[in-house]
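A.B. asks: Sequence:
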Amino acid sequence: MPDEIDRKLIDKRVVQRYLEKGRLDDKEYEKYMKSLPDLAEQAVPIESAFDGDLDDEPEDEGSQAAEGEKQS
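Note that my numbering has the sequence shown beginning at -5, numbered continuously upward.
Careful, some of the hints might be misleading.
Straight line, CA to CA, 30 Å or less: simulated DSSO-like cross-link-like pairs of lysine-lysine [stated by the list, open to error]:
id	residue 1	residue 2
1	K2	K25
2	K2	K28
3	K2	K21
4	K15	K2
5	K28	K6
6	K6	K21
7	K25	K15
8	K28	K15
9	K6	K25
These aren't lab readings, by the way, just hints derived from the structure by calculation. Since this is a predicted model, take the numbers as computed values, not measurements.
Using the sequences and the hints given, assemble the complete structure.
C.D. replies: Dropping the structure here:
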């Protein structure tokens, strides 16, 4: 492709903004997207499992011990 599109303009997270601002042409973008190969058959399924709580904050063990003493 002699008229290569700047890769930062086609980042999925920001492409809509660049299209709206006119920094990227709709037709040029559509043409680029159609030129991409379909690699769906090469995808590998990924399994994941979450153990326990999904909270980001660690539990304070000291406060748990204090609560246990209060409840006794």
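A.B. asks: Please list, smallest to largest, the hint numbers that this structure does not respect.
C.D. replies: Of the numbered hints, all hold.
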